[in-house]
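Asks: Take a look at the letters that make up each chain.
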Amino acid sequence: MANGQPDLDLSPKISDEIRQTTCYMCACRCGINVHMKAGADGKKKVAYIEGNRDHPVNKGVLCAKGSAGIMQVNAPSRLRAPLKRVGPRGSGEFEEISWDEALQIATDWLAPLRAEAPEKLAFFTGRDQSQSFTSLWAQSFGTPNYAAHGGFCSVNMAAAGIYTMGGAFWEFGQPDWDRTKLFLLFGVAEDHDSNPIKMGIGKIKERGARMIGINPIRSGYNAVADDWLGITPGTDGLLILSLIHCLMKAGRIDLDYLARFTNASCLVNEDPDSPQNGLLLRDEEGEPQVIDRRTGKLAPWNGAGVEPDLSATWRHKGVTHRPVLHHMADRYLSDDYAPEAVADRCGIPARRIRAVAGEIARVAFDEAITLDREWTDFRGVTHKTMVGRPVSMHAMRGISAHSNGFQTCRALHMLQILIGSVETPGGMRFKPPYPKPATAHPKPHCKVTPGAPLDGPHLGYPHGPDDLCLTDDGRPARIDKAFSWENPMSAHGLMHMVISNAHAGDPYRIDTLFMYMANMSWNSSMNTSGTMKMLTDTDENGEYVIPRIIYSDAYSSEMVAYADLILPDTTYLERHDCISLLDRPICEADAVADAIRWPVVEPDRDVRGFQSMLCDLGARLGLPGFVNDDGSQKYADYADYITNHIRRPGIGPLAGWRMGETGLQDGRGNPNEGQIDSYIANGGFWMSHVPGEAAFYKPFNTAYQDWAVKMGFYDSPQPYIFQLWSEPMRRFQLAAEGEGVRQPPDHLRARIAATMDPLPIWYAPMSEALEDDGAYPVHALTQRPMAMYHSWGTQNAWLRQIHGHNPLYLPTKIWEANGFAEGDWARVTSPHGKITVPVAHMAALNEDTVWTWNAIGKRKGAWALDDDAPEATKGFLLNHLIHELLPPKGDGMRWSNSDPITGQAAWFDLRVKIEKAPAPAEAKPALPPIKSPVGRGPRSLAWKVGS
Amino acid sequence: MTQLPPPSSVKLGLVIDLDTCVGCHACVVSCKGWNTENYGAPLADEDPYGADPVGTFLNRVHSYEIQPDEGAAQLVHFPKSCLHCEDAPCVTVCPTGASYKRAEDGIVLVNESDCIGCGLCAWACPYGAREMDVAEKVMKKCTLCVDRIYNENLPEEDRVPACVRTCPAGARHFGDLGDPDSDVSQLVAERGGLDLMPEQGTKPVNKYLPPRPRDKAPEYDILAPYLEPVTDTPKGFVGWLDRALSALPGGE
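Chain order of the listed sequences is A and B.
Just so you know, this note's numbering puts 469 at position 374 of the first sequence, and the rest follows in order with no gaps.
Just so you know, this note's numbering puts 106 at position 125 of the second sequence, and the rest follows in order with no gaps.
With the rest of the complex left out, here is chain B (with noise of 0.2 Å):
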C-alpha cells in the first residue's frame, strides 16, 4: 500500500469544455504522440494492421447521446483521461509504491521502474482511466505531460500538456485548480465546473463545464415583431421599397 501525500496546496490539472468540445479526436492522437516518445515506454499498439487493434492511449474521447423529455435528442463529446484525484485510490492501493501522487503539484504518476504490472490501479480507478501498455506490461496513465510543462527547452507557451496545446476548439484548459484566482478556476467558478462521478469520493482535481442548454432558441413569439410583414405582395413591397429607399440618406 501507497501513502498519498499531504495535499498540496498546487493542484494542477485540467477543465474540459463539454460545450465546446467537437468529439474531433485531436487531444488523443497528440497525446499518443507524445507520449509515445518521451515519458517511460512508448505506447505500444498490438495488431496495429489486423483484425483487433490494441493500443495504449492514456485519452479517449467518448460520444453519449442525450435524450431529453422533450426535443431533440444530443451528442455529448466526452474526453476522458486521468483526473489526478486528491483521493487518489490508484495510489494507495499500489502494492509497490510505484502509483504516486507528487507532492508539489498532486500529478499522479506511475514510476514505471517500479511497476509490477499488477493492474490493481486500474482496478482501483473508478474512471476507466489507466490502461497497461501491451508490450512493456507496465501501467500507463496521463502524466499531465509533466515533462512538459516545467521543460526549460520548451518556450513558455508551450509548457502546457500536449492535449491542450493542440486542442482546435479550445475546450482544453490547463492551470492550478488549488489557486482560487487562477483562470482555469475562474472558468469553474463562472461555468458552473463539475467532478466527474463526485460520489466516488475520490476529489478530482480535473472539471469539465457542462454543455449550455441546447435547443433553447427565442421562441418565435418575441422574435415574430422582427417578422411583422410589410406588404402580402409583390406589388406593395415596390410600394414599402419607394417609402424605405425614401428614407435612406439621399433619398427625397
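This is chain A alone, in the form it adopts within the complex (with noise of 0.2 Å):
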C-alpha cells in the first residue's frame, strides 16, 4: 500500500482472444472486437464487446446495442430448437421436435406447392441482410413471393434515390463530412445509420460547420442541431419545394453541372400528337438529345465533346421542344411554392423558410470548395480541378414514410442537384459499388413456371408499364400486389400487404407464408390486432385461411406464436454471414468494402443458422443451384455458399481475397477455399480504396468507371446524368392518359396521372382527402431509440434498463389544452381505431405532433419477459392505430394505405385525437398472454466471465 492506498492491478489481462467479427445489433454492421476468456467450465464465453478500431463502418466506436451484445447470446428468450405447433394458431402451445423432423414438415409441405403452383409459396424476410441469397433461393423455388422488409422501411428514399441519381443514402450515399459546411438533415431522428451519423455530426461539430434539423420532434440529432425547424410531418416535400423555388428564382443553381452532368439540358418531347409526348427526344440508337452548344445543333448527351446547352430549344414540324430546365422553371418559380405560400401549411414561417435558403445559396457558393485534382469525363472532357458544394444533406424514414414520400425524396434529390452538391466535394457522396443507375438494375420478374426457377429475379426498376408483374388478364401477379398500377415502382415488394391480401384471397389466395426475422403479428404490421385474426381466421370448415405459416426467428418474438413450424436461428455472433457487395454493402466513400460474420461462439442450442438450413432445405427440395448434378446438397452450409457460390463469371458474395491466375486478388476471381480464413484474419471485413481521381463525380468520372469494372461492379464502364425528368414516371402517366397497349383499370387512371409527374411535386398525403379533417386534427408518429433502433433485442436486459418505457409524448399546446399532469392517460383515437396509453410532456415538438418510442411494447409471454414487464403493461405500439387500407371510399376496392408510386407503408400519414382518460390497470388494447416457448428470465444477472 502506497499512501494508505491498496496496491491496484493496473494492467490487467483483457482476455483470452480477440475475435473479430461483424455487430448485427442493427443494420449499421459495424465491425466489432469480441473479447473471449474461459469461463469456470474452461469454454471460452464472451467476456466484452468494442468496436474494431479498423474497420470502415465505425472506425473504433461502437453504440449503446453493439456494447450490449453480449446480453443477446445469453438472452433467455433464445429458442432452443426447433417447433412444432401443438396448441391453436396464437396460443403458444409447441413442442420441441428434430431438425430431420421439421425439415421433414417443411419438405413435405413446400415440394407440392413448387410441382404445382409455386406462387403458393409465400416468402418474406424481415430485418434480414442476406437478400441476395434468400432471393437466389426464392428465385429457384419459382414463386414470385419474394420480399424484404424494404417496402415498409425506407424504398421511397432508395428507389427515388437509384432513380433519380443512382443511390440515396446510408448504404448508398454519406455526406462528405470531412469537407462539408452545412448540413441539412431531413427526417431522421434516431435512426439510419447509426453510427457514421454520429461519428460525422461529431466532425461537422468539431470543425465548426453548421447544422440545420428537419423534424418535427427535437431529440437525438435534431437536438444537437444549431437550427430546428419543426416541421410538419408529411410537408418536406412542400418545403423543399419552397427551398428549390427560392433558389431557382434567384439564379443560385450550378449550371455548369446541371448542363453537363444532369438531364436538365435534354431536350423533352412537345409534341401532343406524340405518343412519346413528355418522353425526351432520342435519336435513333435511342440517346436522349441536348444541344450541342458547340453547334447549336441536336446532338446525344453522351457524344464526344458534346457541350450541352440548358436554355436552346429546337423547334421541329411546328413544334416547339424545350430542355428539363425549361419545364423546371414552369413549375417551380410559380408563386405556389412562395415561402409564403407553404409556411401555415408547413409549420414553419416563410421567414426562416428563406433564411435557410439564403444560407444554402450562400455556402453552396460563396464557400465552394476546388480540389487541384484533374480528371475526365465520359464526354472526353478534362477538367484540372474538381469543384464542391458544400452543401450536404441527410434523410431517411422521416420523409419517406409518407404516401407521398417517393416525390418528396426525389425532390430532396433535385435540390442537392440543382446546387450541384451530388458527387462533388463537400456535398454527398456515393459510395462503391453505387452510383449505379436505375438502368443497371434488373427489371422485376414474376413469371412462375411449375418445377423450374422464376424467369428472372424478382425485384428491380420497372422503366415503364411493360416492366409491371402483371397475369395474363392484367391482374397483379404478387401476392403483395408489387409492380402493379396500384403501386407501379415497388422496387422492394410491399411486405406489409402480404398478410392482409394472402387472408383477403386479394388477388388469390396461398398456401405457405414463409417468414424470417419479421414480427408480424406485433411491431412490424399496420393493424396489428387485426393482424392477428387474419393469422388465425379459419374458414368454413375450421381451415386457418393461411393454411401454413413458417417461421424463423433467433428469439422467442410475438410472431412465433402464429407460426406452425418453428425454425431457430442463431444469435448473430454464432453464425456465418457475409454483408455483400451483391447485397447491401458497407462501403465508404472512398473505399469499397465487404465483411463477414463468423461464429465467434457456438450456439449452446439445437439451432442452426437461417441461411445454412436454406442450403438444407433447397437440397431436400430439389432446387437447381441448391443441388449438384447427381442430386446431393450442393453447399454444406451457408460458408460453403459464402466461399463457392459464383454469381456471374469471376463474382461471388465476398470480393476481397479471391483467386487469379497469379494469386489472391480483389474484386473478381475464382471462389478460394482459404477465403473466410483471410476474413477472419484482417478483422471481419475486406476494404480497398478508391483512386483519388476517381473519388468524386463517380457516375461521369472515366477513372471511376474504369475502376468498378475492374472491381466487378459492372462489366463495362455505365456512366449517366442524373434524371430530373423522370421518363420512367412519365411512361405510366402516358398510360394513364390512354397512351400504349398496357393500360391502367379506369379506377387508378387518375390517380397515376396526378402522381407520376416526372418532375418532383408535392400532395397531400393520401389518407388526408378520406379523413375528416377537424376529427382527426393531430398528428402521430414513432421513432426507435438511439438504443435500441432497428434492433432485433429490445428485451436486452442492459437496454431495457434504458428504455423500457414508451410515454406518449404531447406538445404543450395539446397538454395544456386538455389539462394533462403528470402521470395521466390519453385516449387515443384514429379513424380505424382506440388505445389508451400514458403520457408524458415535451416542448421541442410541433404543435400539432404526438409521437412515441416504437416497439417497446410487448406482448405478456413473448420475449422471455415477466408478464408484469412495463413493456406489456404500460407499453404500446401505435400500430394498432394505422390500417394497412386506407378508409374505405365505398367502391368495394381494398386501397392499400402506402405511396402510390413505390408502395412504401405510409406509417407516419397517421392522424389521430387525442383525450383525457381514466388511468386504466394497463395499457389498452391489452391483449391475453401467449405461452412462453423458452420459459422466463433468471431473477438476476452478474456476467462476469473471468475470475
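By construction, these hints were calculated from the structure, which means they are not laboratory data.
All C-beta atoms, glycine included, are put in the ideal place defined by N, C-alpha and C.
Just so you know, nobody snuck in bad clues.
Below, in silico cross-link-like pairs of lysine to any residue (SDA-like), each with a Cα-Cα straight-line distance of 20 Å or less:
#1 Lys197(B) <-> Gly442(A)
#2 Lys908(A) <-> Glu46(B)
#3 Lys300(A) <-> Leu(-1)(B)
#4 Lys300(A) <-> Gly174(B)
#5 Lys216(B) <-> His422(A)
#6 Lys118(B) <-> Ser1035(A)
#7 Lys108(A) <-> Gly21(B)
#8 Lys300(A) <-> Ser166(B)
#9 Lys392(A) <-> Leu226(B)
#10 Lys140(A) <-> Asp701(A)
#11 Lys139(A) <-> Ser110(A)
#12 Lys132(A) <-> Pro694(A)
#13 Lys61(B) <-> Ile897(A)
#14 Lys216(B) <-> Ala228(B)
#15 Lys479(A) <-> Phe460(A)
#16 Lys61(B) <-> Glu46(B)
#17 Lys132(A) <-> Asn134(B)
#18 Lys1039(A) <-> Val35(B)
#19 Lys300(A) <-> Leu168(B)
#20 Lys298(A) <-> Leu168(B)
#21 Lys538(A) <-> Gly381(A)
#22 Lys1039(A) <-> Val119(B)
#23 Lys216(B) <-> Val414(A)
Stretch-level coverage of chain B by chain A, calculated; a stretch enters the list once three of its residues show a Cβ under 8 Å from a Cβ in chain A:
#24 0 to 12
#25 21 to 28
#26 77 to 83
#27 150 to 158
#28 191 to 198
#29 206 to 213
Okay, the calculated bits of chain A under chain B, using three or more residues with CB under 8 Å as the criterion:
#30 153 to 167
#31 308 to 315
#32 347 to 361
#33 404 to 415
#34 447 to 458
#35 1027 to 1034
Both chains are sitting in their own frames, so use the hints and assemble them into the complex.
Replies: Take a look at the structure:
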C-alpha cells in the first residue's frame, strides 16, 4: 500500500482472445472486437465487446446496442430447438422436434407447391441482410412472392435515389463529413444509419460547421442541430420545393453542373400528338438529345466533346421542344411554392424558409471548395479541378414513410443536384458499388413455371408499363401486388400487405407463408390486432385461411406463436454471414468494402443459422443452384455458399481474396477455399480504396468507371447523367392518359396521372382526403431510440433498463388544452382504432404532433419477459391505430395505405385525436398472454466470465 | 472518516461536450460491459427481465428540456458519472477508508474489500454518482477505467476509459486537467468548460462544455442578397439563363 492506498493491478489481462466479426445489433454493421475469456467450465465465452478501430464503418466506436450484444448471446428468449405447433395458432403451445422432423415437414409442405403452383409459397424476410442469398433461393423455388422489409421501411428513399441519381443515403451515399460546411438533416431522428451519422455530426461540430435539423421532434440528432425546423409531418416535400423555388428564382443554381451532368439539358418531346409526348427526344440509337453549344445542333447527351445547352430549344414541325430546365422553371417559379404560400401548411415561418434557402445559396456558391485534382468525364472532357458545393443533406424514414414520400425524396435529390452538391467535394458522396442508375439494375420478374425457377430476379426497377408484374388478364401477379398499377415502382415489394392480401385472397390465396425475422403479429405490421385475427382466422371448414405458416427467428418474438413450424436461428455471434457487394454493402465514399460474420461462439442450443438451414432445405427440395448434378446437397452450409457460389463469372458473394491466375486478387476471381480465413485474419472485413482521381463525380468520371469495372461492380463502363426528369414515371403517366397497349384499370387512371409526375411534386398524404380534418387534427409518429434502433433485441437486459417505458409525448399546446398532468393517460383515436396510453409532456415538438418510441411495447409471454414487465403493461404500439388499407371509399376496393408509386407503407400519415382518459390498470388494448416457448429469464444477473 | 491526500498535480478526468452529445447511451453500456467484467464485483442486474429491473450503472445519460424565453424548446443530453472531485465529500465521509482519492492522479475509487455498504458516501455525493451494487452490496462508482488507462496489455491508443473509446460522436474527452497545456485543458479554456454545481464546493475535476447557442441562424435580412430574384417569371428565367450561360467558360 502506497500512501495508505491499496495496491491495484493496473495492467490486468484483457482477455484470452479477441475474435473480430460484424455486429448485428442493428443494420449498421459495425466491426467488433469480441473479447473471449475462459469461463469456469474452461470454455471460452464472450466477456466484452468493443468497436474495431480498423473497420471502415465505425472506426472503433460502438453504440449502446453493440456493447449490449453480450446480453443477446445469453438472452433467455433465445429459441432452443425446432418447434411444432400443438395448440391453436396464437396460443404459443408447441412441442420441440428434431431438425430432421422439422425439415421433413417443411419439405412435405413445400415440394408439392413447387411442383404444381410455386406462387402458393410467399417467402418474405424481415430485418435480414442476406437478400442476395434468400432471393436466389426464392427464385430457384419459382415463386414470384418474395421480398424483404424495404417496403415497410424506406423504399421511397432508396428507390427515389436510384431513379433520380443512382443511389440515396446510408448504404448508397453519405455526406462528405470531412469537408461539408452546412448539413441539413431531414426526417432522421435517431435512425439510419447509426454510428456513421454520430461520427459525422461529431466531425461537423469539431470543425465548427453548421447543422440544420428538419423534424417534427427535437430529440437525438435534432437536439444537437444548430437550428431546428419543427416541420409538420408529411410536408417536407413542400418545404423542399419552396427552397428550390427560392434558389431558382435567385439563379443560385449550378448551371455548368446541370448542363453537363443532369438531364436538365435534355430536350422534352412537346408534341401533343406524339405517343412519346413528355418523354425525352431521342436519336435513332435511342439516346436522349441535347443542343450542343458548339454547333447549336442536336447531339446525343453522351457524344464526345458535346457541350449540352441548358437553354436552347429545338423547333420541329411547328413544335418547340424545350430542355428540362425550362419545364422546371415553369413549375417551380410558380408562386404556389413561394415560402409565404407553404409556411402555414409546413408549420414554418416564411422568413425561416427564406433564411435556410439563403444560407444554402451562400454556402454553396460563396464557400465553394476547389480541389486541385484533374479528372476526365465520359465525354472525354478533362477538368483541371474538382469544384464542390459544401452543402450536404441526409434523410430517411421521416420523409419517406408517407404516401407522398417518393416524390418528396425525389424533390430532396433535385435540391441537392440543383446546387451541384452530389458527388462533389463537401456534398453528398456515393459509396461503391454505388452510384448505379435504375437502368443498370434488373427489372422485376414474375413468370412462374411449376417445377422450375422464376424467370429472373423478383425485385428490380421498372421503366414503364411493360415491366409491371401482371398476369395475362392484367391482374397483379404478386401476392403483395408489387409492380402492379396500384404501385408500379415498388422496388422492394410490400411486405406489409402480404398477410392482409393472403387473408383476403386478393389477388389470390396462398398455401404457405414463410417468414424470417419479421415480427408481423406485432410491431412490424400495421393493424396489429387485425393481423393477429387474419393469422388465426378459419374458413367454413375450420381450416386456417392462411393454411400454413413457417417462421424462423432467433428469439421468442410475438410472431412465434402465430406459426405452425418454427425453425430456430442462431444469434449473430454464432453464425456465418456475408455483408456482400451483391446485397447491402458497408462501403465508404473512399473505399469499397465487404465483411463477414463467423461463429465466435458455437450455439449451445439445437439451432441452425437460417441461411445454412436454407442450403439444406433447398437441397431437399431439389432447387437448382442448391443441388449438384447428382442431386446431392451443393452447399454444406452458408459458409460453403459464401465461399463457392458464383453469381457471374469471377463474381461471388465476397470480393476480397479471390483466386486469380497468379495468386490472390480483389474484386474478380475464382473461389478461394481459404477466403473466410483471410477475412477472419483481417478483422472480419475487406476494403480497397477508390483511387484519388476517381473519388468524386463517380457517375461521370472515366477513372471511376474503369475502376468499377476492374472491381466487378459492372462489366463495362456505365456513365450516366442524373434524371431530374423521370422518364419511367412519365411512361406510367402516358399510359394513364390512354397511350399504349398495357393500360391501367380505370379506377387508377386519375391517381396515376396525378402522382406519377416526371418532375417532383407535392400532394397531401392520401388518407387526408378520406378523413374528417377536424376529427383527427393531430399527427402521430414513432421513432426508435438510438439505443434500440433497428435492433432485434429490445428485450436486452441492459437496454431495457434504458428504454423500458414509452409514454406518448404531447406538445405543450395539446398538453395544456386538455389539462394533462404528470402520470395522466390519454385515449388516442384514429379513423381505425383506439388505444389508451400513458402520456408525458415534451415542449420541443411540432405543436400538432405527438409521438412515442416504437416497439418498446411487448405482448405478455413474448421475449421471455415477465407478464408484469412494463413493456407489457404500460408499453404500447401505435400500430393498432394504423390500418394497412385506406378508409373505404365506397367503391368496394381495398386501397393500400401506401405510397401510390412505390407501395411504401405510409406509417407517418397517421392522424389522431387525443382525449384525457381515466388511468386503466394497463395500456389498452390489453391482449391476453401467449404461452412462452422458452420460459422466463433469471431473477438476477451478474455476467462476469473471467475469475 | 477518511482523509483526502494532498492535491495531486495530475488530475485525470473527463471533459464532456454537451454541444455534441446526441444522447445515444453508447457510453452507458460500454461502461456497463467493461466494469461488469473488470474492476471489482460485476455490475449486477436484479429482475433483469421482470417488472422492475434494477441494475448498477456507473454512468447514466439524462435528458433535460430547456424552454428559453424566446424561440423553440431545446433538449440537452447530459451524461453523468463520478466527477472525481478534488474535495470529494464521498471520501471524507467514508467510515472505513474504503472510499479514497488516489494521490498520484486524483481518481476516486472504492476499495471494495473494505466497503461495508453503509451508503454514507452516496448520501454525501451531491451528484448522485454512486450506486450500491444490488447483489454484492458494495458501493460502485466510475473508476475512470483505472484498469485501462495504465494497462500495458492494451495498445496505447486504447488506454482511455471505455466510455471515451466508444463515444460515436466524439463528445467525451479524457486527460489531465491538472496540466494547463493538455488537450483537455485547452478544450475547456476554448469552450468555456464548466464545473457541475460549483456552489457545492467539491471542485469537480470533470468539466462540461456547454451547448453552443441554438436557433441563432443568420437572420433572413442578412441573407436576403443571396436570394435577390433574377426573375419573376419562367420567361424571365430563360432570359437570365441565356445571359448566365454566356458568362460561363465556352459561352459567347
